[in-house]
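A.B. asks: Please build the complex by placing chain B on the supplied structure of chain A, with the hints as guidance.
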Amino acid sequence: MAAPILRCARPGRCWSLDYRPRRSRALFAEPVPGRVRGQSSAAAQEPRPGAHEWAAVVGLEIHAQISSNSKLFSGSQVTFLAPPNSLVSFFDASLPGTLPVLNRRCVEAAVMTGLALNCTVNKKSLFDRKHYFYADLPAGYQITQQRLPIAVNGSLTYSLGVGAQWSPSATKTVRIKQIQLEQDSGKSLHDDTRSQTLIDLNRAGVGLMEVVMEPDMSCGNEAATAVRELQLILRALGTSQANMAEGQLRVDANVSVHHPGEPLGVRTEVKNLNSIRFLAKAIDYEIQRQIEELQNGGKILNETRAFDEKLGCTVSMRDKEGKQDYRFMPEPNLPPLILYDAESLPVAADPQQVVNIDWIRERLPELPSVTRGRLVEQYGILPEHSFVLLNEDGLLEFFQTVMKETRAEPKKVIGWILTIFLGYLKQRNLAVSESPLSPSSLAELLNLLDSKVISLPAAKQVFEELWQNQGKTPGQIIREKKLELLQNQEELEEICQAVLAKHPQQVMAVKNGNQKVVNKLIGIVRRATGGRADPGRIKQILEKQLQ
Amino acid sequence: MWRRTFRATLRAGLGPGATGAVAGAPGARVGSCRFAGSDSEKAAGPSPGGRVSAELIEHLERLALVDFRNREGVARLQAAIEFAGQLRAVDTDGVEPMESVLEDRCLYLRADEVVEGSCAEDLLQNSQQTVEEYFVAPLGNITLPKQSEQHPVLKS
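For the record, the sequence lines run as chains A and B. With my numbering, letter number 445 in the first sequence gets 1139, and the count goes up by one each step, no holes. With my numbering, letter number 12 in the second sequence gets 8, and the count goes up by one each step, no holes.
Treat the hints as calculated values from the structure; they're not laboratory data. What you are looking at is a predicted structure, and each value in this text was computed from that prediction instead of being measured. Don't be surprised by glycine CBs; every beta carbon is placed ideally from N, CA and C.
Here are the computed distance ranges between Cβ atoms for each label pair: (1) Arg67/B with Glu997/A: 34 to 44 Å; (2) Asp87/B with Asn763/A: 44 to 54 Å; (3) Lys965/A with Ala71/B: 34 to 44 Å; (4) Ser1127/A with Asp63/B: 52 to 62 Å; (5) Asp89/B with Tyr828/A: 32 to 42 Å.
Far from chain B, by Cβ distances over 10 Å, these chain A residues were calculated: (6) Lys866; (7) Lys1004; (8) Leu1058; (9) Gly1067; (10) Gly1088; (11) Thr1113; (12) Asn1206.
The shape of chain A in the complex, shown without the other chains (with noise of 0.2 Å):
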């Protein structure tokens, strides 16, 4: 069986060589007690058994783009391409005298993330406004969530999954320290040679959720497995489309380096990341200069990075300025967001105005976890299989359009699936979408397999022919081929007869009592049949005949 394939992760090492309990990776600075024990009092760069082990903290801020059709606060439109300042709204353009109104869809998906995300949701929550001036957020302020946001208090679990062995310790846990409601801000596009930045307002004002991850991981696939989580989580919702390289959805890596049982490091942001496989790679770089530049004796600054795809490293972003000090003060012009649940819900009240908590609940779609169980229940896989086909875009429905049209065991066509259908979009790296290759027709070739119409050699055969797309069925192949396996009971023997005519010393050797040679004498037969006699067969005749 193939080992899961992380599409977008790179199984990378993780650097926290420390496997005690979490919390001496906890938030508080004070070191662990008992570490010095049996130790000299001298300064703490003197090398100590232990010391050269380094741990990784990364925590995550991840802005998720609300799947709505109009913007968090006006009622432009939400989508990705259209010609610039065209989805812009007097609001968006922060003209005067222009007041936000709050979206109740964008409401809904915050709160059906939170439920998601187990987080405690806020009846009560606030918006603020968080200043700062930049070209692309037109009215100088951003309206969020700073003091009291929509959810807070949630986690999210993931498995680890490199190599094909799940252990129970593969699952990990990472905890969600809140998830807020705010806007986005416009895009700019720097023009160096002119001097210039061009502005385009049509994402300024489109919804976000940002969800905060504690810092309870370790290394670079840990955070790029947790984030992958999220996203599938966040599609099965409906709630965000999340995709990275739309900007859909953007990760910023908060990385710091310290010795397991010392206070917690420095920390960096960084940011521009992607995708999933570059959200890795740069925080295991960023982890991997962190721990050079302290071993070299240099310190780290609390800055934020920029991830270079080409060069693969982190580089720094000089254009902040220090600390920066946004002012937060509470947003004038929006009473507090009150939710409601089947208690709390006034008697005669509007359905449109008043959002309930439970009634959303109730109403959950199925998150990917409870997928993947059930998906073990219903085929009898494995959940290393169930991992796999949810991991990869399009694969689950695949693979369920092939379990509608063909009468093979689930678990024969998951073989299929995962490692040979998988294999060769792997290879060509292509997406599921991609396939040349349609649902029916590999049914159909597995029906003509499972009804022994071919051999398994030759409807591999059938698969490669299949993939040239050239618009033929696998019945029509196999005719085309004479791929169908050799029914005729007479002819079959003929021919092992002929073959054990030609190899006499082989024969010999069978008769002495090496029966590994069978096997050779097998081989040949199939050869000499084209691939078309079932091994099976083969054996049981060539075994009459040699006696």
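C.D. replies: Chain B only, in chain A's frame:
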């Protein structure tokens, strides 16, 4: 935008007449300025004695892009702060702060429909410079000139 803020400061100071009335505010506790915002630790507000430091002025000018320009501007700011300081006479122990005068109102929820947009032409008219339906801005953020390069009046 800085002009708007400047005029707001003037209004709060209620003109030169207010300075005299406020100067003798009884028992004016001068701790750290509560209305200076939550995370400005560096510019902690008027120092004891009620003077607004040059450092704070520079910090505010940078953050808010407000130009206090001259001694009178700073004096008005000073007066505004002292005027608001009268609030400290009220004992607010055990009272929950009011976050918004709208706290009893219902936050109206809008249906998720597209009802606005498609007015690029109108919006672009507001901009001095445009390039093919984009607004034009200078490259990045322009850093303010340093304090020493600015008006020598504020050096004190």
